[in-house]
Amino acid sequence: MCDTIATLIWKDLVAETRTKEVFLTGVPFALLILVIFNFAIDVGADRAAEVGAGILWITFTFAGVLGVARSFADERDRGTLEGLLLAPIERSAVYLAKTLVNILFMAVIELVTVPAFVLLFNVEVAWLDLLVVALCGTVGFAGVGTLVAAMVANARSREVLLPLLLLPLQVPVLIASVKATAIVMGAHTEQSWPWMSLLVGYDVVLVAAAVLVFEYVVEE
Amino acid sequence: MIQRTLVAEPPLDDHAPELERVAALEARGVWAGFGDRQVLTGVDLTLEVGARLALIGSNGSGKTTLLRVLAGALRPTSGEVSIFSHSFSKNQRAARASVGVLGHQSYLYPELTAAENLTFYARLYRVQRCAERVDQMLEVVGLSHRRSDRVGTLSRGMVQRLALARAVVHDPPLLLLDEPDDGLDERSSSTLEAVLSTGAAAPRTILLTTHDLENALRFGDNVAVLHGGQVAAHRSTSSLGVAGLRAWYAAIAAQPRSAARQLVGQPAGTSF
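Chains as they are written, first to last, in the working numbering: chain A, 1 to 220; chain B, 1001 to 1272.
There's no promise every hint is true.
[To be verified] What follows is a set of in silico ranges between Cβ atoms, one per label pair, in the way DEER data are often shown: (1) A1251(B) to T19(A): 51 to 57 Å; (2) E1193(B) to T17(A): 36 to 42 Å; (3) G1029(B) to F62(A): 46 to 52 Å.
If you are wondering where the hints come from, they were derived from the structure by calculation, not from laboratory data.
Glycine residues also receive a C-beta, built at the ideal position from the N, C-alpha and C atoms.
Here chain A stands alone, though its shape is the one from the complex (with noise of 0.2 Å):
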């Protein structure tokens, strides 16, 4: 199975180095969504990590938005999906190896946001404390866009329908995860792990089941 998931996401990075179409797409919106906030909301010194947070998720929520969408649509359009699922292959792999991938361009964009919120907003940051807080987010993100992406690949409105469907789902890793991104900019002084906990729990489960029900959702 692992080799068919590196072909899967050698696959995508392979027409995603050619095009730049989630890099091209993500990164300046991303970059965007900062500036407006940025005019938007006088953040000052001492709330500017608890608002921050807040900022700094939404816009990866928004950019993420965009890239999973890309993730089955054009498989659908093209109708390459088929040619997947017609192969000998565990189709959990096909599910595993497009949350892989999106969250790997949802880690790029990331890289290149948080600096420039920095930057904008004039915070401290824990580095690497961030960085653990902002994998776990994202996965818990990636893993259910990817899944809704795939349940509404086929549906005429999609882009309306992915977002209505994935934000409510999301509520808890978006509280988690900006709960947790506050804390490890110091926004408060009690631990982050409690809300690291929901967010790795929540993670978990809804991976497994996205794994498990994935068969169902992209049969016909």
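Given the structure of chain A, go ahead and fit chain B onto it with the hints provided.
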């Protein structure tokens, strides 16, 4: 309802391996449709190893739906499909590994090159000596000189030839081809025969749909008509010319669906 069992027999072949002991493809009582509309209404079909069956029928008769069900792309409403005794409901990975499918879509990625597309599918099907096989298939379909070009830059005919190569890159013993001649010019269509016969370790079993009666005669040992959601009639293509096939097909297609369905009452197990 009495169902007709269509048994496509292979041409006589004395080097047939053990595979001949089981049917390459067996469909029993297949019903399939979309919403309330049933497109297939109890298709029974058996292809012995090495058989070549050309399936013809008017637009909307269900040829593509039948092929998608047989390939495992579409779950039937009821009925069972087995590939070399591997049922899709019980052992779908083994069933899929034995089938090569060429559908209306090429299943190719426009951003990847011709060679990368074949390599990708060869890896998914766990083809041994992958690079060698990819080179071989590019040679067979005459695209070696375009191996490093992205599929998005190839002409429609080239994409169709590459899709053929993709369908057989894992050397499947059973091929399901939905209008494989579509988009091929006269010269290119000669590569189809080459692709169908390249690299098969055992007699390859082929089920193809076509609107071109000449190609039905060229590629099929037997021809069957899908009409009224069922296999309404079938016959051997030996000693049958295009004019004869056209007259025979026209006579069947002219019947209303209900009349075609009455044909189902013919004795089961008809061989041809």
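message: Given a hint of 46 to 52 Å, does the C-beta separation of G1029(B) and F62(A) actually sit inside it?
response: Because 50 Å falls inside the window, the suggested range holds.
Distance restraint evaluation - E1193(B), T17(A), Cβ atoms, bounds 36 to 42 Å: 38 Å, holds
task: For A1251(B) and T19(A), compare the CB-CB distance with the range 51 to 57 Å and indicate the outcome.
output: The hinted range 51 to 57 Å holds for A1251(B) and T19(A), with Cβ atoms some 52 Å apart.
Violation of the numbered hints given earlier is absent; every hint is satisfied by the structure.
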